[in-house]
Amino acid sequence: MQKYSIFSLIKNAFSNHQNWDLAWKDPTPKKEYDVVIIGGGGHGLATAYYLAKEHNITNVAIIEKGWIGGGNVGRNTTIIRSNFMYDENALFSEFGMDLWRKMSQDLNYNVMFSPRGIINLAHSDAQMNIYARRGNSMRLNGIDAVLLNREEVKEIIPMADFSDNVRFPIFGALMQPSAGTARHDAVAWGYARQADSMGVDIIQNCEVTGFDIVGGKIQGVRTSRGDIKVKKIGLCVAGSTNILAEKLNMTLPVEAHLLQACVSEPVKPVLDNVVTFGAGHFYISQSDKGEMVMGGDLDGYNSYAQRGNLPTLQHVLTEGIAMMPFLSKLKMLRTWGGIMDMSMDGSPIIDKTHIEGLYLNCGWCYGGFKAIPASGWTFAHTIAQDRVHKLNEGYSLSRFNTGHLLDEKGLGTKTWIS
Amino acid sequence: MLHIKCPHCGMRSQNEFAYGGDATVKRPELNKEVSDQDWDNFIYNRKSLRGKHKELWHHISGCRQWIKVERDTATHEIFKTVKANEEI
Chain A
1 MQKYSIFSLI KNAFSNHQNW DLAWKDPTPK KEYDVVIIGG GGHGLATAYY
51 LAKEHNITNV AIIEKGWIGG GNVGRNTTII RSNFMYDENA LFSEFGMDLW
101 RKMSQDLNYN VMFSPRGIIN LAHSDAQMNI YARRGNSMRL NGIDAVLLNR
151 EEVKEIIPMA DFSDNVRFPI FGALMQPSAG TARHDAVAWG YARQADSMGV
201 DIIQNCEVTG FDIVGGKIQG VRTSRGDIKV KKIGLCVAGS TNILAEKLNM
251 TLPVEAHLLQ ACVSEPVKPV LDNVVTFGAG HFYISQSDKG EMVMGGDLDG
301 YNSYAQRGNL PTLQHVLTEG IAMMPFLSKL KMLRTWGGIM DMSMDGSPII
351 DKTHIEGLYL NCGWCYGGFK AIPASGWTFA HTIAQDRVHK LNEGYSLSRF
401 NTGHLLDEKG LGTKTWIS
Chain B
419 MLHIKCPHCG MRSQNEFAYG GDATVKRPEL NKEVSDQDWD NFIYNRKSLR
469 GKHKELWHHI SGCRQWIKVE RDTATHEIFK TVKANEEI
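Residue numbers (my numbering), protein chains in the order written: chain A, 1 to 418; chain B, 419 to 506.
Wrong hints could be hidden among the right ones.
Derived lysine to any residue pairs resembling SDA-like cross-links, with alpha carbons at most 20 Å apart [as the list claims (entries may be wrong)]: (1) K247(A) x R468(B); (2) K65(A) x H421(B); (3) K414(A) x H421(B); (4) K472(B) x A305(A); (5) K470(B) x S197(A); (6) K414(A) x K423(B); (7) K247(A) x S479(B); (8) K247(A) x H477(B); (9) K465(B) x N401(A); (10) K414(A) x K498(B); (11) K465(B) x I243(A); (12) K3(A) x A305(A); (13) K444(B) x K423(B); (14) K65(A) x R468(B); (15) K154(A) x P269(A); (16) K352(A) x G469(B); (17) K465(B) x L99(A); (18) K25(A) x E88(A); (19) K414(A) x R468(B); (20) K414(A) x D458(B); (21) K390(A) x W484(B); (22) K390(A) x L99(A); (23) K470(B) x C427(B); (24) K465(B) x T413(A); (25) K414(A) x I461(B); (26) K465(B) x L248(A); (27) K268(A) x S197(A); (28) K423(B) x K465(B); (29) K444(B) x T251(A).
Partner residues aside, some chain A positions facing chain B, computed with beta carbon under 10 Å [stated by the list, open to error]: (30) S104; (31) L411; (32) K414.
Here are some chain A residues the structure puts well away from chain B; computed CB gaps all over 10 Å [unchecked claim]: (33) K3; (34) L9; (35) L22; (36) N56; (37) N108; (38) N242; (39) L317; (40) T335.
Don't read these hints as lab results, they were simulated from the structure.
Quick caveat, the model's predicted, so the values are computed rather than measured.
Just so you know, even glycine gets a beta-carbon here, dropped at the ideal spot from N, CA and C.
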């Protein structure tokens, strides 16, 4: 594989950048693989990469119905954080933060990881207490957390509404300084390029039509581009989880819901951090192009539409304007939607299933992007070793049966009620 | 924006409704042996179909009645709405 560096950049400048290698090939599917990953999103690409890198399993295919980077990995708001209270979530995410910090070097691809800090605003004394508790839990797990008072928040984000007559005054905030953002497309492309270079076949425009299961064991997968013999399948298809589960005769604690995001017209640098509104569900950051990147609540009803509906967008942006009134002057550039695999306790599932050779990775709710490296790493381990890693022990499918729920957000069995 | 025909009030905007999830889920019968699997299926497990989906909505800013709606989850086309105690 061609290494990307200042030297290769200069060298290729002499030939007008016409001679760059393709970042990944476009292979036709082989008849048999050791592992097939269904879903060529961030999680699928990362899983294939870590299968090759950490476990030396390179006879791997990624089957993607659409194209690489066309799903949620290209539709999210690029936020990366590990500000969780529960041990399972905190340790898993913090492991991921380490991978994020090394990612550009590891992948030889600039993912523009920008640890700019996330600020969760608090709007009451009670919320400050809750944030202090969460911050302490984070610090006990080695994650950086800072409790800010009103004046300290004002120093960092003076454009927020600090006037006296607001409905939700800012009391303070919990900040994770090491959180941040990254270029989401680059994450997909970087993982794809490295996985491909180690022998993984990335097969795009290839839809899974069925599975061959004999005696409770995976024997193969049927696709729109032919049948493939395989003993191990990793399913990480996010919003399409229920569709494929139906083909497997499985009913999962997951529902497909639509989440919208939007960007404003580009403006000069105004916001250095990621900020979330504490009296509702709204988050904002500024992209390198200057657009304000914003998101919030789900549309609220089962949806596979990949496009949003105005009432939710209006509701979310109302919260945004309450928090930062200057936003009302901006024009909206784009809005879009992605299908979330909403699990019933708000936490993901990375586990084996009752079908031998079928591994499940789903239920990422609002937080799939930040989890890409840790999810890929632990899922690769789970598939390669046929057992879960300590880091994803808590993300078991059976927890809904045994009662060991990870209801970090306290949303209970209906994550889409908020 | 969705327009939902409330069987009690007529055609109303989506803003007046709250979503209530899959309408085909049945609570296990009272005073009978309930297996863990039955309970999981009632509380957690969902088919989340792509296409026609029978679901509950609550006309919360209207007549406050629960209703059943059959809607396409990919196109949002609404085929039918009935009262909560009617079959859809």
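Please flag the earlier hints that this structure goes against, numbers listed from lowest up. Hints 2, 3, 5, 6, 7, 8, 10, 12, 13, 16, 17, 18, 21, 23, 27, 28, 30, 31 and 38 contradicted; others consistent.
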